[in-house]
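Student: These protein sequence lines map, in sequence, to chains A and B.
All letters in the first sequence, in the order written, are residues 15 to 852 by this note's numbering.
All letters in the second sequence, in the order written, are residues 1300 to 1694 by this note's numbering.
Please keep in mind that the hints were generated in silico from the structure rather than gathered at the bench.
These numbers come from a predicted model, not from an experiment.
Keep in mind that a hint or two might mislead.
[Said to hold, decoys possible] DSS-like, lysine-lysine: derived pairs with alpha carbons at most 30 Å apart:
#1 A:LYS333 x A:LYS364
#2 B:LYS1551 x A:LYS298
#3 A:LYS556 x B:LYS1568
[To be verified] Among chain B residues calculated to face chain A with C-beta under 8 Å, some are:
#4 ALA1584
#5 LYS1587
#6 LEU1589
#7 LEU1606
We put the CB at the ideal spot given by N, CA and C, even for glycine.
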Amino acid sequence: MGRSGGRSAAVFLLAFLVATTAAFLIGGKSSHAQEKTVSAAEDLEAAKNACLEFRAGNDAVLPKWRDLAKRCAQDHHRPDAQRLFDYYSVLPREARVRGMEQEARVESVRQEAKKAGDAIMSPLEWGPERERLLRELHQIVEDNRSAADAAPAARALALRSTLFRQRVITDDKIEELEFREWITVGESEAQLSLELFDRVGMELPKLEPLLNMGWFAQAKPELDAAEQQFETVYARAHASTNTQIRIKYELEALDGLLAVAQDSGDRQRTFRLLNELRKLGSEKLSWNVVEQYAQFLLDLDEPRLADEFLVQHKPHADKELGEWQLLMMGVTGREGLTEVAALYATVVRKSSRAKVPGSPESLALADMDCRAGMSADVLDRLDGLDISLMPISRKAHLARIRGAAMLELHHYAEAAAVLRGALELSESCEGRHQGIQDSNSTASLVGETVGLESLAMLARAQIEVGDCMQAAADIENWQSRRLRREASQDPSAEIEVADVKGWAAAYECGLITWVVGADTTVVVHVNPNGHAVASWSPHGRKDIQNAIRRLRDAALTDNLDSTSRIARGIQEILLPDDVTRHLNACFPGRVLLCLHGALENLPVDLLPIFAGSSSSSPIPVVLPGLLVRAPGSAFKTSDDQAWSILGDPVESTGEDSVPQASSELLAVGAEHAGSRVCSGADFTRAELLKALRQGHFLHLASHLVAATWDGSSIDGTLNHATIVLSHGDRFSIDDIRSARPHHELAVVNACFTGGGEFVDGEAAQGLANAFLSSGTRNLLVSMWPITDQAATRYAVAFHRGLASGLDPARSASSARNELRDSGAPPADWAAFRLVGRD
Amino acid sequence: MSSRKPENPDQTQPRGGLGSDSGASMKRDLNVPRSMPADLTTAGLDDPKTADEALIAWDELDAQLLQMLAEDPERGRRLRKLQDADGWLRARAAEAARKTGGPALLDCPEAEELYDFGQGPGATTLSQARQDAIDRHLATCRECEAFVETLSVPMPAGLELGMPDEEPEELPVDPAWVRPTPVIPLRRKGPRRLLVGAGLAAAAVVVALIAIQTQSAPGLAFPQQPPLRGSAGGPIFYPRGHVLAPSEELKKVFPALGGRIEWLIEPSKDATEYQFLWIRHDDSAFAKELGRGRFDSKDSSGFISQLDEGSYTLFATAIVNGLPHPMTPREFDVQTDPAIEAQLLATRGQPTIERTMTAIRLLQAAKYWTDARDLARSLPPSPERDLFLSQTPGR
């Protein structure tokens, strides 16, 4: 990702600018400061000047400073001004004067570092220079360790921590051990700096070490802690009356928060933060924001918008122009504008950086040449490359390009090995930035190019060498990792061939899994005997997403002809004939569909192969990936299923907000003797929490209300949707996660309960995810907004099936057929999906 | 009433070129927001329906017709009530004019100025002097007042005054009225005119009550959307589903159909502009592009000119802080439909409102939601109509 490289120079320069200014500021201000009058600002300014004079040796200013400090503390709510006075007023003159001299030493080092930053030194030059500066600062700390004035040591430590931080977040070549050491030392020095500033009573200079602490936490990675630190910095900066300091530290803090949001794969937050950064910036967009926003648009698969946006914001500085051209080459390539991309490539090729072997420019050109069919030439160019000094992310990129070239040259076994290496390298890179607990090579950091497309190519290579089972295992292993780790409570929950076979054996028709890359879709069917067939097509994620969206829109508008035509077209790609034949050979029975990423939105019941009755079609059971290594025991039907049946919220006015829910709850209750029904005014937070924690069987009938739309996708608003309770209360998805529901079967009968935003191959982050990751085995959800009436009809039919002894998958199939055969439109029955293990 | 310009066939953005809002006049003789037979005679008042319609437009009757109406026991009573309300209104208006100072404008302002005065979406700011002048004019001109009032009515789409008639050549859609208004209530200028506004509102209520009483009432039973279990319908609300490509014959019967397609999106906070791209494609899963068009708008609703038959995707992007925010695209298809055409044409013999209501219900049931809204907009304002137009699809 361009974040590390692209941000580094700007961040570093900004840090020094901020710190330089901060060095001359003494004292801080509380959060009430913005309400202060002009006289407060004047008093603070006068107090600062008096302090500087006194420290410089002018004892005569003491009485004046005393008055000012008192006034600042008492009238302007600035106790720190008094603390500063209390600290320095008792120091002997010599100690104060020496302190000022020592602070000037720190400032001198800061200026040297700033000059180095301005000169944009090469890593080879900057490394030794940084070492020298660190030694110099260390000496200042040592010289002042026992000094009466603690400020010089505090400032030297703060600057040291900044230098440590700078390397940690920008140096991809740093070895793992050294990386950890630099974080540890940087953190401890930032912490010590904070303590010393506290002792002196200085507030504003604390922003520097606080910010550094945030970046160290982000690098470790402890994203929650990092977020908290950056928010603290933002809040303190925001409260400052010094406009320059305020804006610069706000920008720094937002940059940190943005990094956390990107590492978390939180697009909503990324989007909001980029907007905040934009608002804080000048009238003209900075290249930093332009570059990051263009990258964000690419992450959203919006190369056309990224193209237009970049064209509107073409930079002028040479370095930025080079980055712009490189980005434009990639963006236009993604748009399919190969001739335009070739033009940009011509320009990039002429740049001096393109001639440096292994540079990002040279790799991007190699990638492009590979796509243009020059694979042999590309391999020749890349094979002799010295990768020892290459950052991990670039090594992963290089491996991906080599793998792609080998695949095109039909060197399948070698391609598989190299592509596997690319994925492992990207995981290592992710591990660096996201931690082992959260590592996920198919999302966020390396993202689409190295992630899912590499996985699709790896699967293709496996298929070509005849190992379809390994392809299935790889597809499952490298996708939905975060959900699997949460659901299985196992941070190393790898999926292997034996695991896939075990899952396939649990279903009469086996399992089908897919990976949808940027340009390639691969499908594998594994039958219950462990035999697999596979196929691939050159349809990428954008194609598949658009087709699914068209299918949903056609179904929602009851456009039956289009629905049928589009469904057939999608099936031809996702379930080609050889896979369908293999599937039909297992028939009848259930088939597990592992729908990853873009496929999670597919209304499978509309595909012709699943459209028949249970005696003539396979019965789909859907999962967003194998949640655990083994499926566990099958669903047991029994007469004593005690259900918790909740819903039918009433508004504060006493009005019934879900008219049909009341009759639905009664009908469902009638199907399951001994169930507990909680409805109307009793449908409260406490009751829902109780039911969620109790586990077992749950039926819920209410509204699901999406979060307020803020400019991102509808799917994104479902990540933060809420269930409507009685009396205007709401139950959020986070509330559900906290309750950790672990039901055998849960029915959440409201709008769009299966929706949510996904990132690459990860499961959508909506309500269903909250249930599945908590251990719920089966979940009935809806894939789009449903009418009150259809929801009730479907639910009653579903429970009737359960009560008659059918398993959940067959009950869902039966309910669907009942509605469809009665003439209900697809919008009413194709919305429902059984997600789980059955 | 027959001199209006035809709809601009190439309207790609609400305010572009010779757009829908150009060249309009607010003069009463050109633009009467009520339907009244132009050739009304004393004999015509024998027909109860005609007499009721005449009562609604009492202030345009000549002395003889007015006298006849006054002598009718039932309608005379209603007429007196209307005249009382009118007198009260005008007295208050005169008072308001005195308060705001200066004489009232004699000539109706241009529609554009009224639009700016009412602060419709994208309106510019008038000078204070011009605002005061228009304010004074509104105190004495009900047509202009009614127009400005529509800008503060919370409804998602434009208001067309004037009803469809048997002879569309005589009642084409007035381009002055096709600017849509957004879902959210708009800011209304001129709090100093509350007094006049209250008077007008009271008069409007009286008129509306009488009008409703006198209608033989097909009733304004607009189709309702079924309740959903949640909400996630945006951000592009319209067009969606089917959009009718009407025949020339159908356009004659329902002039509001054809010629343009409404678009409506969920407003994005802080958006300064919206950019749109439509792509026409084949109707396959992995659709091939057949053509495209673009338009921009500062508003969250508007119209594009009628598109050729085919399948379309509408892409929208909100520009916020200079950053493009893509919205989830929306599919729609423009198609001819002989079956629905035949049903719509079969309503030809019905009275205007009844016919329009029947057509709205037919279109809504056949999923021609965008067209149903177009027709609804051609009806006189009413709470039922506005409620129907303000409904946004939840899915």
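Student: Failing hints, ascending?
Tutor: Of the numbered hints given earlier, those the structure breaks are 2, 5, 6 and 7, listed in rising order.
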